[in-house]
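There are 2 protein chains.
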Amino acid sequence: MTHQTSPAATASHADMANCIRFLAADAVQAAKSGHPGMPMGMADVATVLFTRVLKFDAANPTWPDRDRFVLSAGHGSMLLYALSYLTGMPGMEIEDLKNFRQLGSKTAGHPEYGHAPGIEVTTGPLGQGIATSVGMALGERMAAARFGADLTDHYTYVIAGDGCLMEGISQEAISLAGHLKLGKLIVLWDDNSISIDGPTSLSTSDDHLARFAASGWDTTRIDGHDPEAIAAAIAAAQATDTPSLIACKTVIGKGAPTKQGTSATHGAPLGDDEIAAARSGLGWTHGPFELPADALKAWRAAGARGAKARADWEGRLAAADPAVRDAMTAALSGDLPEGWDTGLKAHIAALIADKPKIASRVASQKALEVLVPAVPTLVGGSADLTGSNNTKVAGQEPVTPPDYAGSYIYYGVREHGMAAAMNGLALHGEFIPYGGTFLVFADYCRPSIRLAALMGIRVVHVMTHDSIGLGEDGPTHQPVEHLASLRAMPNVLMFRPADAVETAECWALALQNKGGPSILALSRQGLPTLRSPDTEAMPSAKGAYVLAEAGGGARKVTLLATGSEVTIAMDARAALQAEGIPTAVVSMPCWELFAKQDQSYRDRVLGPGTVRVAVEAAGGLGWERWLGEAGTFIGMEGFGASGPAPDLYLHFGITAEAVTAAAKAKL
Amino acid sequence: MTHQTSPAATASHADMANCIRFLAADAVQAAKSGHPGMPMGMADVATVLFTRVLKFDAANPTWPDRDRFVLSAGHGSMLLYALSYLTGMPGMEIEDLKNFRQLGSKTAGHPEYGHAPGIEVTTGPLGQGIATSVGMALGERMAAARFGADLTDHYTYVIAGDGCLMEGISQEAISLAGHLKLGKLIVLWDDNSISIDGPTSLSTSDDHLARFAASGWDTTRIDGHDPEAIAAAIAAAQATDTPSLIACKTVIGKGAPTKQGTSATHGAPLGDDEIAAARSGLGWTHGPFELPADALKAWRAAGARGAKARADWEGRLAAADPAVRDAMTAALSGDLPEGWDTGLKAHIAALIADKPKIASRVASQKALEVLVPAVPTLVGGSADLTGSNNTKVAGQEPVTPPDYAGSYIYYGVREHGMAAAMNGLALHGEFIPYGGTFLVFADYCRPSIRLAALMGIRVVHVMTHDSIGLGEDGPTHQPVEHLASLRAMPNVLMFRPADAVETAECWALALQNKGGPSILALSRQGLPTLRSPDTEAMPSAKGAYVLAEAGGGARKVTLLATGSEVTIAMDARAALQAEGIPTAVVSMPCWELFAKQDQSYRDRVLGPGTVRVAVEAAGGLGWERWLGEAGTFIGMEGFGASGPAPDLYLHFGITAEAVTAAAKAKL
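Quick mapping for you: the protein sequence lines, in order, are chains A and B. Residue numbers for the first sequence follow full-length UniProt numbering, beginning at 1 and rising by one. Residue numbers for the second sequence follow full-length UniProt numbering, beginning at 1 and rising by one.
Isolated chain A (complex conformation) (with noise of 0.2 Å):
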């Protein structure tokens, strides 16, 4: 229990909380553009969390064992940057302030990850921060148990508003949250009764203290302009086993005298006369961007407050069994182990020694296999498609709460939570997240993977069922779009494997891609191993490569693949250099990578000159990329059908035969 007074509080609670009502309503005003409303309706709120609850260290921000505090409600970015620069943390100056939401500076509108200290998350889009604390949440429970609760012992705080909560990502957190009972969670709610259009009225009625309640949650209500009571509330929640809701009932804008309580604060600058009547309001005769010297003083000695708990931490740290000491510093340092893929490589030539026949969502579970054992900061999960996305292997317990010990996480028909708290995960520190679902189901979790991208973190997801390949569930289960609405994506590696020692290969490289989410499209149906022993190492490396180079003659005819559709391609090769034309096959299983490689060795891999089909079980968009003017694109051109899988391919003509004939139609 955290809850105290602060210890240099020689300034008053309110002069501090105007200290950020002011900040952001000059910033705002100076920008001429953001969003005031919030930070001004929360500032006292955060003033009592900062200075009296939150364990952190403003000369260290990423200190492992900080409290973290994700603003859910990333619009009220002011409220973040003004913590930052009242409680000192590096880099964060009155200029910086001033400088909001120019191009360049570390105060974007929204906030944004490593930009600026204390930004824990990029938030914005509504609903992401509360369920991202929940993988947080969820990794400090995980690295308790495998380091220590001396180590690791720490709280989560959301500051969420009512377009959070609307969200439906909020309730797969919530729920997911409850059922994980990860009880060091506590999400405060902004419930000023406002949103955009006007009073929340419009648009909703939900009793959220009772749907929070329904999954777990305790929960209260308070006036969040009562510092005793946000304390005596966080204090309260702090107490429980099970997550918190405290509803913080707040006036938006609290301060601008004719418009708080409306939306008219939400996202506008105030005004020149309103923020001169909040000051004459509020008797605050500072001008923009000065604060009292106690205020200030006050704030700094608030961020200072952490820094014995740093330091007893460190003891710990260096105290600790080195074993464990040594296995959480190498797993927060997000490197791969020595050795780590030795297995793998075993594993690989094994399977070209072997050519299995297996799908490469089996090929996966199966490359799993050996890089569990040896990458221990992996954690699996699936939104409960575990047996057909082929994430679980042998060794992997669950995690079980009150037993966090586990390895595998049983994320339920929650594909966006489960993808936001992947993030959380990652964020946290200490793990590489992977989880599974359908191909066709990123699109309900594109809003997350998008900010991993743009966060550039490491989160792995095996989406199986990549194609029309998964046969009789039909339309609404088969990707066709999927793979160019990823590829479009800044940021992500989007693989396709051909085989199982593409798809082993395609794991080694989604666990190297430190800066940014990897994602695995797997087939259903099963593969033949195409790779023969003579390519060169690693091929895959290089996004695209020829993985058949034509035979008796200069190649006329260059087939691009990926995935299922190599086999195909392999066959249509053989049938042309039976007719005597003389075709290479490319694999492509990551564009993204190809796209990095220098033009000579496109060129070497593409064959410009030569004829060129490509084959992919999925809409055309972007392949002409490859494919040239000239050449000819053999896929779907529409939604998919339901049926056997290789009637469907008969159907939508996505065959050996199709490409043989596109390719001998150009030459």
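Just so you know, these hints were derived from the structure itself, not from any lab. The C-beta atom is built at its ideal place from N, Cα and C for all residues, glycine as well. One should not assume that every hint holds.
[Claimed, not checked] Where chain B lies over chain A, by a calculated footprint (3+ residues, C-beta under 8 Å): (1) 107 to 121; (2) 172 to 178; (3) 401 to 414; (4) 437 to 450; (5) 489 to 497; (6) 619 to 625; (7) 644 to 653.
Following the hints, complete the assembly by docking chain B onto the known chain A.
Just chain B now, with coordinates in the frame of chain A:
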């Protein structure tokens, strides 16, 4: 209250329910794939619903005032097909059940709207059915308000599974339905405690009854195998004026002696031995696809139960005020009213004359100001961004229960729920829904947009703030990949108009697009009117057209652009022309429509052999289709940034100078 015993109940309830059970088990077995567990578990509920409660006339399955039945748990499709066959819906024969999940059959793996009678909506992606049903139930209330309760007065029933309720979209749906007081919406939850990974206790601890109650629903829990309890619960639910949840405690796969109550029955054939044992256990002496004559007769009688209600309704329609009858009939036809575009044409002419500089989101509002009065079936809304999306115009009253006479819906911060509800409104039949959010949040509603595309239904998404041009809100709010990812989706018209004239034209095209969703990507920032009076009429209809032909000689450069970047292309053209380089600008507001034009038109527009440069403030995936290998794309290569829009265009090099330089570099 329609609780009654079946008029021809000469067969026992058990026999009638077992007809469903064995049709499902046998069809899945024949197909060697499918989901027997849910139809077997919910057979009793469905039997009561269809034989005693549901207002329908099997011979006329699309009668407008029928009760709607939505199988949200779409994997249980055999339940729906069995009911369709048993009640005698036209065109559903026993052969169709034998062809379950075969290519070309009516009986797809998941229910596909339009494939077979009785399918009100395509389902399978979990949560979509329940969320769509909210739009249907809202459509019912709105139609009743417009055309009278004597012509529209029906219930909407939903069977939803645990998976549907775990999806976040269910919360948006539940919350919206509660707020809108959709008292005639009744959800029958297949409360079987089983998910694919095993018992639901693996991943959830929710008290769903409490959750629904928190959103204003009435709730109850019953034995889902007790027909009288089922009937009584539905009767009670009908009597309330709130939406109703009935938790039907069932045994999944009920009747399969060794597998019932386990996830083994969920998604795989039971096996011949298990089915034989089920026959034995239930005393079912009939072979596969054979039914006892008395049970089938009783089912057919149940299917004919509603014939009188339908005939009575037709009588009331015939006797109705002709103005009401005509208005309702016109609405149900889906046709746009005579002269609907007269005002729009005048509006376009005025725009060309006046040349306003306005954001295309504002231009959209101006188009709506003309269209909303002319097309009374338009129902607007926004996911809490009304003022930013510019979706509400004078004269549009919000829907405020219990008054459903309005035509504007405050959807709240529920993008996904909005998109699904729009689908439901369109499916109900009388309305053309449009709804607004930011383009970046297309990701939140993508699964519902996909279903609209798959079903081929008319909905219009107004998606504003369509690029870095939104400025300071930064990369979380700036779409980069969204145009490509939506262009990748089959059967979507993705519009990105360049100015106020194109915006009006694209609205017209969207309303005329009866066969699928249309999306309007609109700017936050002001755009000059570019269209000159001498352009052919409605050139946007061709998807792309020459906005400004090259001057001073044969065209040497073709600049391709969409939306706000057409202005940049026009500036670049001016610079190139000033240097004596004949340059054309092609505006491409809709790729999909352009792709449908013949080759000669496309060549005339694209100018093969000319230097081609495309400019779009988005990622480049797919532009090669129009650029060819030698063309140059000027756009985004990664995520955006926070800053004023003009700074961002400069920073990311999306400028007339860059376009000019790119063209000259290739000359």
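Hints numbered earlier in the text: which of these fail when held up against the supplied structure? none
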